[in-house]
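Read off the chains here:
Protein chains: 2
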Amino acid sequence: MLNDFFYAKNIAVIGVSKDSSKVGHVIFRNFIDSEFEGSVFAVNKNADIILNHPVYKTVLDIKEKIDLGIIAVPAKFVLKTVEECAKKKIKDLVIITAGFEEIGNFQLKNKLKALLKKYKINVIGPNCLGVYNAYTGIDSLFLPRSRLKRPEHGFISFVSQSGALGSAILDFAAKEGYGISKFVSYGNGINIDESDIIEYLGKDNHTKVICLYIEGVKDGKKFLKVCKEVSKHKPIIAIKGGVSEAGNKAALSHTGSLAGTAEIYKGAFKQGGIIEAESLEDLFNFARVFEKCLRPKGNNVQIITNGGGYGIISIDALSKYPLSVAKLSGKTIKELKKVFPPLVIIKNPMDLIGDADTNRYKLAIEACIKDENIDILFIVLLYQTPLITPDIIDMVSEYKDRKTIIVVSTGGEFTEVLAKSLEKNNIPSFQFPEKAMKALSKLVEYYNPSLKTSKN
Amino acid sequence: MLNDFFYAKNIAVIGVSKDSSKVGHVIFRNFIDSEFEGSVFAVNKNADIILNHPVYKTVLDIKEKIDLGIIAVPAKFVLKTVEECAKKKIKDLVIITAGFEEIGNFQLKNKLKALLKKYKINVIGPNCLGVYNAYTGIDSLFLPRSRLKRPEHGFISFVSQSGALGSAILDFAAKEGYGISKFVSYGNGINIDESDIIEYLGKDNHTKVICLYIEGVKDGKKFLKVCKEVSKHKPIIAIKGGVSEAGNKAALSHTGSLAGTAEIYKGAFKQGGIIEAESLEDLFNFARVFEKCLRPKGNNVQIITNGGGYGIISIDALSKYPLSVAKLSGKTIKELKKVFPPLVIIKNPMDLIGDADTNRYKLAIEACIKDENIDILFIVLLYQTPLITPDIIDMVSEYKDRKTIIVVSTGGEFTEVLAKSLEKNNIPSFQFPEKAMKALSKLVEYYNPSLKTSKN
Chain L
1 MLNDFFYAKN IAVIGVSKDS SKVGHVIFRN FIDSEFEGSV FAVNKNADII LNHPVYKTVL
61 DIKEKIDLGI IAVPAKFVLK TVEECAKKKI KDLVIITAGF EEIGNFQLKN KLKALLKKYK
121 INVIGPNCLG VYNAYTGIDS LFLPRSRLKR PEHGFISFVS QSGALGSAIL DFAAKEGYGI
181 SKFVSYGNGI NIDESDIIEY LGKDNHTKVI CLYIEGVKDG KKFLKVCKEV SKHKPIIAIK
241 GGVSEAGNKA ALSHTGSLAG TAEIYKGAFK QGGIIEAESL EDLFNFARVF EKCLRPKGNN
301 VQIITNGGGY GIISIDALSK YPLSVAKLSG KTIKELKKVF PPLVIIKNPM DLIGDADTNR
361 YKLAIEACIK DENIDILFIV LLYQTPLITP DIIDMVSEYK DRKTIIVVST GGEFTEVLAK
421 SLEKNNIPSF QFPEKAMKAL SKLVEYYNPS LKTSKN
Chain R
1 MLNDFFYAKN IAVIGVSKDS SKVGHVIFRN FIDSEFEGSV FAVNKNADII LNHPVYKTVL
61 DIKEKIDLGI IAVPAKFVLK TVEECAKKKI KDLVIITAGF EEIGNFQLKN KLKALLKKYK
121 INVIGPNCLG VYNAYTGIDS LFLPRSRLKR PEHGFISFVS QSGALGSAIL DFAAKEGYGI
181 SKFVSYGNGI NIDESDIIEY LGKDNHTKVI CLYIEGVKDG KKFLKVCKEV SKHKPIIAIK
241 GGVSEAGNKA ALSHTGSLAG TAEIYKGAFK QGGIIEAESL EDLFNFARVF EKCLRPKGNN
301 VQIITNGGGY GIISIDALSK YPLSVAKLSG KTIKELKKVF PPLVIIKNPM DLIGDADTNR
361 YKLAIEACIK DENIDILFIV LLYQTPLITP DIIDMVSEYK DRKTIIVVST GGEFTEVLAK
421 SLEKNNIPSF QFPEKAMKAL SKLVEYYNPS LKTSKN
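Chains L and R, in that order, are what the protein sequence lines are. Position one of the first sequence corresponds to residue 1 (our numbering), numbered consecutively onward. Position one of the second sequence corresponds to residue 1 (our numbering), numbered consecutively onward.
Each hint can be trusted.
Using 30 Å as the maximum straight-line C-alpha spacing, the simulated DSS-like pairs for lysine-lysine come out as follows:
{"id": "1", "chain 1": "L", "residue 1": "K362", "chain 2": "R", "residue 2": "K249"}
{"id": "2", "chain 1": "R", "residue 1": "K76", "chain 2": "L", "residue 2": "K347"}
{"id": "3", "chain 1": "R", "residue 1": "K249", "chain 2": "L", "residue 2": "K403"}
{"id": "4", "chain 1": "L", "residue 1": "K218", "chain 2": "R", "residue 2": "K347"}
{"id": "5", "chain 1": "R", "residue 1": "K22", "chain 2": "L", "residue 2": "K337"}
{"id": "6", "chain 1": "L", "residue 1": "K175", "chain 2": "R", "residue 2": "K362"}
{"id": "7", "chain 1": "L", "residue 1": "K424", "chain 2": "R", "residue 2": "K435"}
{"id": "8", "chain 1": "L", "residue 1": "K175", "chain 2": "R", "residue 2": "K175"}
{"id": "9", "chain 1": "R", "residue 1": "K22", "chain 2": "L", "residue 2": "K362"}
{"id": "10", "chain 1": "L", "residue 1": "K175", "chain 2": "R", "residue 2": "K424"}
{"id": "11", "chain 1": "R", "residue 1": "K420", "chain 2": "L", "residue 2": "K175"}
{"id": "12", "chain 1": "L", "residue 1": "K347", "chain 2": "R", "residue 2": "K249"}
{"id": "13", "chain 1": "L", "residue 1": "K337", "chain 2": "R", "residue 2": "K76"}
{"id": "14", "chain 1": "L", "residue 1": "K420", "chain 2": "R", "residue 2": "K420"}
{"id": "15", "chain 1": "R", "residue 1": "K175", "chain 2": "L", "residue 2": "K362"}
{"id": "16", "chain 1": "L", "residue 1": "K249", "chain 2": "R", "residue 2": "K370"}
{"id": "17", "chain 1": "L", "residue 1": "K338", "chain 2": "R", "residue 2": "K22"}
{"id": "18", "chain 1": "R", "residue 1": "K113", "chain 2": "R", "residue 2": "K22"}
{"id": "19", "chain 1": "L", "residue 1": "K320", "chain 2": "R", "residue 2": "K218"}
{"id": "20", "chain 1": "L", "residue 1": "K347", "chain 2": "R", "residue 2": "K218"}
{"id": "21", "chain 1": "R", "residue 1": "K337", "chain 2": "L", "residue 2": "K249"}
{"id": "22", "chain 1": "L", "residue 1": "K22", "chain 2": "R", "residue 2": "K337"}
{"id": "23", "chain 1": "L", "residue 1": "K424", "chain 2": "R", "residue 2": "K175"}
{"id": "24", "chain 1": "L", "residue 1": "K120", "chain 2": "L", "residue 2": "K221"}
{"id": "25", "chain 1": "L", "residue 1": "K266", "chain 2": "R", "residue 2": "K347"}
{"id": "26", "chain 1": "L", "residue 1": "K270", "chain 2": "R", "residue 2": "K435"}
{"id": "27", "chain 1": "R", "residue 1": "K249", "chain 2": "L", "residue 2": "K337"}
{"id": "28", "chain 1": "R", "residue 1": "K337", "chain 2": "L", "residue 2": "K109"}
{"id": "29", "chain 1": "L", "residue 1": "K175", "chain 2": "R", "residue 2": "K435"}
{"id": "30", "chain 1": "L", "residue 1": "K420", "chain 2": "R", "residue 2": "K175"}
{"id": "31", "chain 1": "R", "residue 1": "K338", "chain 2": "L", "residue 2": "K76"}
{"id": "32", "chain 1": "R", "residue 1": "K331", "chain 2": "L", "residue 2": "K249"}
{"id": "33", "chain 1": "R", "residue 1": "K149", "chain 2": "L", "residue 2": "K435"}
{"id": "34", "chain 1": "L", "residue 1": "K435", "chain 2": "R", "residue 2": "K420"}
{"id": "35", "chain 1": "L", "residue 1": "K320", "chain 2": "R", "residue 2": "K266"}
Keep in mind the hints are simulated off the structure, nothing from the lab.
Taking the hints into account, I'd like the entire structure generated from these sequences.
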């Protein structure tokens, strides 16, 4: 049902101003600058040429069939524009324009709603940023690329009730090198709501994880039903805005959402199989682990490190979650004793010490991969020590399909470059052990729900 | 007492190998590459010239008085080297060399200890990275600058029982643009321990905040006494490695520390006035706020934002801590109503909405600075929107001496550049609201200890 929002071939941007700072203009320019392979048409009653492209007076002047219309005209022209789109048989619209119930204009909202019903038009919006698909270049975000870098394509999709929040997060994801599949800011959600989008993403092959920022939901029953179904085969991670009393009040001013208390939401999230993130940062950390990691067979974690202190704070972090300190098998210990210098500590954490090189890590990883007592490898890799060479990235990456692996590296530019390479090779790489362990625990809980309450 | 470790004029590096990968060589080269204005002398029995510098057979061959010796000879030569240093009347030594009690060699440890007592020599180490002073360029870290970037000078000092952990954190601080004053990795702490260093930093004018990573303390009573005294006028923020049972065991293998249970340490930290950080990241986040922020008069926080969702998650975060949602005075509301467009929400959070520019922020900040109901400004500044121009950095920075201000900006490269500028102007800038609020709460608690338990 929502396919045209992400895969349309012919798109009309309606309300493309000559003024380069205006919303419609920015959207049109973003299409021209993107790798979008379809055709994009500019519509504006009062212009002939914009950015060297012909401008159509109305959508009706376009000869080609239009799969998706993006409306950025002032609120007072929206109804008329929708009528024209209906005549042109456009079935799917993103309405960027604000000025409906969020400012108290319920009359306009109701008229629009009736119109959409009459013509059976699907709308994302109004009062939103709309859609972004990293695979096709479809992009209705009205923020210039110089301000908001678009992330590369990956398998995390993000649905946000708040446009500004969503765009800040996209920009952040782009910088960090996190891959995104689809992004939707659905604003007032006049006839497509969060549940419809989640349902669609549940079936989308380019989406492995669904992330959600919501302040409230339109239809709680529908939301729960959809999430329950989707979360069975695809993780849904959500952050709820307005969980506090003060936040609840603020949400009412922001999106008109009756946010509900923290307890009600916690219960609903649990029922819907939704993984709750307590912070925006956690949201992405959890998502990356789900996107990239192999499904862990159990909760036995082996820590490998080249810094003793990091091993200790990692295991301290582990102890906060329903994760278990793996016990190396006698065979593994015996094998490693043969090949390691005497100062290496063959325990958990396994401390390869400061002079560890790629080969010592390889020996350790190889042994742990073979050891059936271990389900997950938590590798601390401090790149500051001189014997660590960049070939360690490819070495570690080779094991990604053999066991669940997560890497932690704290440091500066050298570290950042290597960490991003790992991330590109589909090994999630974290700056700090505490966060990595938290994210890992969510992965383990999702695939082994019985561990949630019991703790080894 | 510890002054020469950070302000020595003449330094001897003892054990400077010709091999550029060896510890002594790296340390000597780091001195040459640094802005150290004193004189550095290389000592090695078997070389004449290294890196175009003359090499002395022993410290006794150096004519100049030596204020600080840095020893990087193999363990078996340490005692003899110390004897020579004693003859040369060097009173302060950093002993980098490992191979003492941490590998079970208690005999060597005891001999060294006796020797130091006999000659009244102060030692940092052995088995450590030693010292770094960003102001003088004194730097015994044996990690090359290509791997471990040195941070700029600032007012945060960091004491770490773990060398690798400390160096990773320094490298991270350098990348993020956080200023460091002094760093000490004291290893086995043979006669200078964590308490001595904390006491020294307590009196150091270049240190505003003391950060600590410890697995255990040598002398609990002394530690508490010193921390109690120092924390009265200077915040001490600590992260404790080995708080879990498994971590405790690992700490025993790592630094031989009997880490003690979490409860005991929590109690001791409280008694010593120490602010506990639960993660490495928190450690720095707390430190930056203490380093840069004005002392808040109370706990009334006003949130100003250009993204509604961010306002909501900020206030949700606020609600977790003993912070209070400030109530704008009637006068402020009246004034702002006159100058703001109708869609701006003049509440808390104050939502300046997506088309806010520098001037709208200025009006909001100015009014909140004047409003006596407000102690702290928590400013969300999303740089993705086109009307935000870089002059906003200087505008916000102008208010830094008028009230406690903290800024949150999530985003990509454009955001990062502007956030770093703010940080340079002494306004702490965070990527995510949850962390910023947490750090802020520590600041408020430190200056208003009565708020710790009560919650508005």
